[in-house]
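Enquirer: Once you've looked at the hints, dock chain B against the given chain A.
In case you want the letters, here they are:
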Amino acid sequence: MNIQKAVSIVTLLLMIVPVGGCAGKMNAYDAVHNGFYSKAMHEFNKDAYKQEKYLKKKNKYDKDYALPYLHLASAGFEGGAYSLAETALMHALPVMQRMEESGGQNLFALVTTEDQRQYKGDPYERSAANFYLGLIRFYNGEHDRALALFRRALVSDMDTKNKEEEALEDYTVAQIMAAKTYAILGEMDNAKVMLDRAEEYIEDKVAFTEFKEHFLTDNFTVLIANGIGPFKMSCGAGKAAIKVDCDSGPVRKMDIYIDEKRYGSALKAMDVTEQAEQHTASFGRRSVQAFKGTCNQITSVAMGLKLMGSKSDSRSWILLPNGFYIFSTTIDPGLHTVMLKCFDKKGKELPRYEQRWFYIPVVEGKEGNLLILRTGIDKCNQYKKIKRQRVLTKVQRRDVKKWK
Amino acid sequence: MRRKDYWSVALLVISAFLTSCASDDAPMIAPMGGSVNRIDVDSALIADVTTDSQDLRAICQTMARSIINLPQVANAVSPPRVAFLEMVNRTTEDIDSYNLLDSIRTQLVKNANGRVIFVDRERIDSILKEREMKRAGTVGSSGPQVLSGVDFFLTGRAYSEMKAYQGARQAYYRFSFRLTDAETGDIIWEDEYEFKKAGRLGFMNR
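Chains as they are written, first to last, in my numbering: chain A, 435 to 838; chain B, 90 to 295.
Okay, chain A solo, but in the shape it has when bound (with noise of 0.2 Å):
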């Protein structure tokens, strides 16, 4: 082998190596957001599968079991492969929903960091899971066990309250979608209590009263998640606090057109932030955090040591949407085209956040004929994806990094 060929063949290596490195190494989060779900459910899936491993080993619940799954499931959910998304929900939920804990974890995260507990979830993120678990068993026909899930989204959201400590049930997806369900199951009476008390919440009561005239007959329903949902973040003394945020993208409204004809706009049913503001910790645990938060900084201060771990439990499923749009209406059964055209406050059209979507199924004698999307830059260019930017911000990429 001459020397020119050998120059040759590293120079080819040293660029596969890259490349080929490059591909394995793209974050989750980041495929989910950009459309990637093929991606995103295999790495969500090493991860699962990781706590699948740890559990044998351990032979008893991880404290993180909960949070790979609802980021599989997201990534199952966005990525239309809903029966994923349904095993994962299944692992998930009853973890969050159990009653019973491990005391000693529960006393670890007392006196060390908070995130030593066992992952169950805010009450947002409680209701988000049974309320997606619905979504699935109502597209698969399961309207009873849909309507179980949707109350139950409900009950979790009783823990949360107002800034006037008053406890709300404002869940309003979880209404609106519950009302379908009675609609479908002939239980129009309780259809219209759910909307009446979804009213009670919903912003925009002029559109709203106009939806709920034709939504519980109407035969075709889009549901529409739009933005990055709210994360936590941990903050004040000794990051013993907790703060939420989010990243609500650029759209504020979304027209709905079917074979090519507008048919109107989607109604925003609830901001899911708003749901994960409302909850704050109880008097009891928001006093210790607060009593290690001040304990580390005047150590710190006066020693500079920490004695002990103050940090508040920031882990949070970061692939919820910021809120849920609804459109409602009724076409003739068939296969239809359907367009999301999304505009920005000013009303101006964002073409790259413009989706269409072929041969939607509306079924003849279906009530529930349901499309789920979710908005996102670029998504019917897959071509462009590869060059844009990513789309989380820098506060989630560094919790990602961490959970990692």
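Honestly, the hints are just simulated from the structure, not real lab data. There may be inaccurate statements among the hints.
[Claimed, not checked] Among the chain B residues that face chain A by a calculated CB cut under 7 Å, a handful are:
1. D137
2. N178
3. T180
4. S265
5. E279
6. N294
All residues carry an ideal CB built from backbone N, CA and C; glycine is no exception.
Expert: What follows is chain B alone, placed relative to chain A:
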């Protein structure tokens, strides 16, 4: 370049490719880890405010006793025939209604001690098909018989209302059953079974 060199280059390229793409291929969902123990059917390992097998057994035993004590059943010359039509699930639990109906019917059959005969209406298509085959001589038969008519229809409804506040949970359950005369449409019996459960999340999760 000699043949040996080609092989070594190919090996290098393949190994580089494998190194870059290597990932621990996990099955889509791995089976649950941990240990497995056989436990009593009435024991509740996971404390929760939802229904468990113990509740279902108690409901069915109570309802079966109530049905057997009905004058129309207790004084009947031959055991009345009942078809269990449906079990409506309006609880806040993600349970399969068919499975719920199945387990309740099993418990009722077991507890009725032959005082009531349950007629299978779910398998009616298969029964009719089998009868046709018997009549046509395709399969053997022990002689023609009339399909059993139903004296009563049994229907059930499970309902629950759950409340939550600051990590506390309270669940109220109501299982109601109704026996309707298949001839007249009269409701001849209705009974319910209620129970309440309450629990609280641990301090660190409130």
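Enquirer: Does each hint fit the structure? Answer for all of them.
Expert: Do the hints match the structure? See the list:
1. D137: Given a least distance of 6 Å, the restraint on D137 of chain B holds.
2. N178: holds (5 Å)
3. T180: This interface hint holds because 6 Å falls under the 7 Å limit.
4. S265: violated (16 Å)
5. E279: Given a least distance of 19 Å, the restraint on E279 of chain B is violated.
6. N294: holds (5 Å)
The structure is inconsistent with the numbered hints 4, 5, although it conforms to all the rest.
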